[in-house]
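Student: Chains as they are written, first to last, in my numbering: chain A, 1 to 404; chain B, 1001 to 1350.
No lab work stands behind these hints: they were computed from the structure.
Heads up, a few of these hints could be off.
[To be verified] No farther apart than 30 Å at their CA atoms in a straight line, the calculated lysine-lysine pairs in the DSSO-like style are these: (1) A:K223 <-> B:K1195; (2) B:K1048 <-> A:K78; (3) B:K1195 <-> B:K1147; (4) B:K1195 <-> A:K219.
[As the list claims (entries may be wrong)] Reference excerpt, derived from the structure (chain A facing chain B, CB under 8 Å, subset only): (5) P151; (6) N155; (7) N159; (8) L199; (9) A212; (10) G216; (11) I218; (12) K219; (13) A220; (14) P228; (15) M229; (16) S230; (17) F235; (18) T239.
[Said to hold, decoys possible] The following label-pair restraints were derived from C-beta to C-beta distances: (19) A:D225 <-> B:A1249: 46 to 56 Å; (20) B:P1336 <-> A:A264: 32 to 42 Å; (21) B:Q1114 <-> A:G172: 13 to 23 Å; (22) B:L1329 <-> A:A70: 29 to 39 Å.
Backbone N, C-alpha and C define an ideal beta-carbon position, used for all residues, glycine too.
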Amino acid sequence: MSGGGLMNALAAALLVTLVAGAAAQTPGSASTKPGQGATRATAAGAAAAPDEVTAFGIEQLRMYFALSPAWQPDPAFKAAVADIAAAHIKRVSALIPDWVAEERASSRKPLTHYELTFRLSRRQVNEIALTSLESAGEAHDEAWLAVYSRPAACNAPPNVDGFAARMAMLEGLPKEQRDAALAGERALLLRWGTVRGGLPQRSATSVEMQVAQKIGQIKAGGKRDSPPMSPQLAFLLLTRTDESPLYRKDRCAVARWWLSMQPAGDASARRKVLDELRYTTMFGIADRDYSERDSVAKPDLVASYPPLATRYHVEGLITLKLSIDAEGKLQRAEVLRRDIQVPGIRGNRPVAFETLLDAAAVARAASIRYAKPAPEKLKAGVMVATQEMQFALNPEPPSTATKE
Amino acid sequence: MAHTHPVLARLTRLCRQILQALVLLLAGAAAIGAPDADTSKAEAEAQKQATDAFWVGDFAEMERLLAVAKQAGGSLDARYHRVRSVRNGFEAVFEGYEDSNDLYFAEVEALTLQWAQQNPRSALAHALHANSLIARGWAYRGGGLAKDVPPEAWADFKKYIQQAAQYLTVHADVALTEPLSFDYLLNIGKASSWKPDRSWTVAKEGLKLDPNFLSLYYRVLTATLPKWQGDTRAVDRFINDAVAHSKAARGTEMYARLYEAAADEHYGHALFEDSYADWPKMKRGYQDWLKREPTARTHNAFAYFACLAKDKTTFTEQLDAMNGAKPDLSTWGSNPSRTYETCKRWGVQG
């Protein structure tokens, strides 16, 4: 279950750390106004003892890779997964002191316990996300495509979270394919702590956006070109009025439905499809930290910094592709590029965090009054332009620059 | 977690209900020493699996679960409960939620139609599609009295019920090999104001396929009640017919089961005043039932009706059989806590 106990425990551990960090600050500095909270915490907090931070990092690692007793696949499979998890915990536990040292070395000022643990936490979440995006080869890819073709793929057993939830998805595969998948998972975990090259590109039109278009068609009652949904998805997408972000297992169901609409293709096409599925079901920070779900759903995106981005100190530049009609109205805005920085993540894309500014960027683009484009700049009724949105956790409003 | 997802909330509710049922059954089993704890657990699991499979659109798994339940070993009742659990598991998805809109029902209709088209020889697929139409119709009507139905809802209700009837007619050769189809037919009959005799004739056809499919009896009973298309005399006539029909396997158990249901649905505490229920016959019915299914629930129900019938000896026997366990309040009629207390007080008076 997406909202299960382990995730809540992790979020709670994170909050405890936050509170501890806040308590170490000077009075009045506990608020996390953009550009203020984290910097003051760093300046005011005491330097941390590295061994405590390392212990915290190892505990977080163990929590994610612990196999819940509630998960009861066939014993041989569980033993194989436990073996992978144990080897990974052992290897990464040995890396964590180096990660702590890296963090300390990266900062000109001494980092507080709060900042150090928070940075370690971000790094681990990003490593998990990277693993869920990567391919370990053709057999691994084919196994995951087979997983997504199974109706029950997305529903992990109750109270099974973290690594076990990912592994539970492999349960229904034929043994040979399951073994190939496990070998791939083992290989991917060995990449933790390294710089990853060759990550798939995130498509400008995500699966969720494509599905939202199909849902719009269905709700409008016109002709539809999509197959029937499962009752789970029908409830989720056609009935519920709650606009909070979907849980990972629900995004997985969305991805399965999208998959059922994709034409059969060659190996390259199949790989592209799988990349989309991986991005849709990737373990991101919002799957770890539920505390801001409601505010994520309806924040004032134009006036305020996105809450999760504030909490995790996500800053950077979002480049949008805009379609502006002859009246100067924004018809469409999509994210072309993200140049994001997150403390604790260096060398790799901060994939677990990199969409946290998207909605705010689009909302801000929509709030701008554009001049009517010159007629010669219109193609098919719209002018296409790019716009950069700078997000920085400082008191100044985000800078914007539109280029035709 | 700051936010509870509706689907999670629903699954949690379902799990809670199953667990509560399980706890009650286990408590009852412990009290009377009946070996049904494992069976109850298996039923709860079967129901959840059936709901889960339908929920994610796994038709192959749904067929497998039903087939496994039908082939389950054990007693007549164990098989009955197992198959019923799977059917109830499917039904949970048809029922939707309080906030399920017509788009939800339309999607379930389209999905089940796809299954039927992809599996034309599958009786279950056809039955489920027919029921998707019925469920869509009833969603418009609601389960209340006719006076509470919005006038504009009647047309949609009738439209979908007619479509379901037509679908089952066209696909009768395959669909009517699955007993569930008869349950759905009787639901159509209820919506179409069939005379009770017609419902009973249809039910008997379904019972030929599965004599254990007790829902068919209950469906006919509902149709026979005064608030639907029947009257009190018709109720008694039907119940006696049902006893005759099931006597070989169940003795007079159906007399107790059906009058119990009649009280629950219509007559309430006034069963013996307002209907033709005959206590000595009902008592024999419970005795036959208990011979095969000595559960806490049945002892509770028997005790309640003994109290209504002012049969103190039987009441005391059944209370003793409950062995001090907490009462199963689902069997004690309306205002069950007070009913249980007043009956118990009456029982101990000299």
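Student: So, for every hint listed, does it hold in this structure?
Tutor: Hints versus structure:
Taken as a hint, the K223 of chain A and K1195 of chain B pair is broken in the structure, with Cα atoms around 41 Å apart against an allowance of 30 Å. In summary, the hint linking K1048 of chain B to K78 of chain A is supported, as the alpha carbons are separated by about 23 Å, within the 30 Å threshold. For the given pair, K1195 of chain B sits about 21 Å from K1147 of chain B by alpha-carbon distance, which is consistent with the 30 Å threshold. With a C-alpha separation of about 40 Å, the suggested pairing of K1195 of chain B with K219 of chain A is violated against the 30 Å cut-off.
Residue-level restraint check for P151 of chain A holds (minimum Cβ-Cβ distance to chain B is 4 Å; threshold 8 Å). Interface hint status for N155 of chain A: upheld, as the beta-carbon distance to the closest one in chain B is roughly 6 Å, under 8 Å. A cut of 8 Å between beta carbons decides the hint on N159 of chain A: the least distance to chain B is about 11 Å, and the hint is violated. With its C-beta approaching chain B no nearer than about 30 Å, L199 of chain A sits outside the 8 Å limit, and its interface hint is violated.
With a cut of 8 Å, the hint placing A212 of chain A at the interface with chain B is violated, because the nearest CB-to-CB distance is about 15 Å. Because the smallest distance between the Cβ of G216 of chain A and any Cβ of chain B comes to about 12 Å, over 8 Å, the interface hint for this residue is violated. Proximity of I218 of chain A to chain B holds as hinted, the smallest CB-CB distance being about 7 Å (cut-off 8 Å). Interface hint status for K219 of chain A: upheld, as the beta-carbon distance to the closest one in chain B is roughly 7 Å, under 8 Å.
Taken as an interface hint, A220 of chain A does not check out: its beta carbon lies about 11 Å from the nearest beta carbon of chain B, beyond 8 Å. Hint status for P228 of chain A: holds, given a least beta-carbon distance of 4 Å to chain B, under 8 Å. Nearest Cβ of chain B to the Cβ of M229 of chain A: about 5 Å, under the 8 Å cut. The hint holds. Of the supplied interface hints, the one on S230 of chain A holds, with its beta-carbon coming within about 3 Å of a beta-carbon of chain B, less than 8 Å.
Checking F235 of chain A against chain B by beta carbon gives a least distance of about 6 Å; that is within 8 Å, so the hint holds. At about 5 Å, the closest approach between the beta carbon of T239 of chain A and any beta carbon in chain B falls short of 8 Å, and the interface hint on this residue holds. The hinted window of 46 to 56 Å between D225 of chain A and A1249 of chain B holds, with their beta carbons roughly 52 Å apart. At roughly 59 Å, the beta-carbon separation of P1336 of chain B and A264 of chain A lies outside the given 32 to 42 Å, and the hint is violated.
Separated by about 22 Å at the C-beta atoms, Q1114 of chain B and G172 of chain A satisfy the suggested range of 13 to 23 Å. Range check, L1329 of chain B to A70 of chain A: Cβ separation about 31 Å, and the 29 to 39 Å hint holds.
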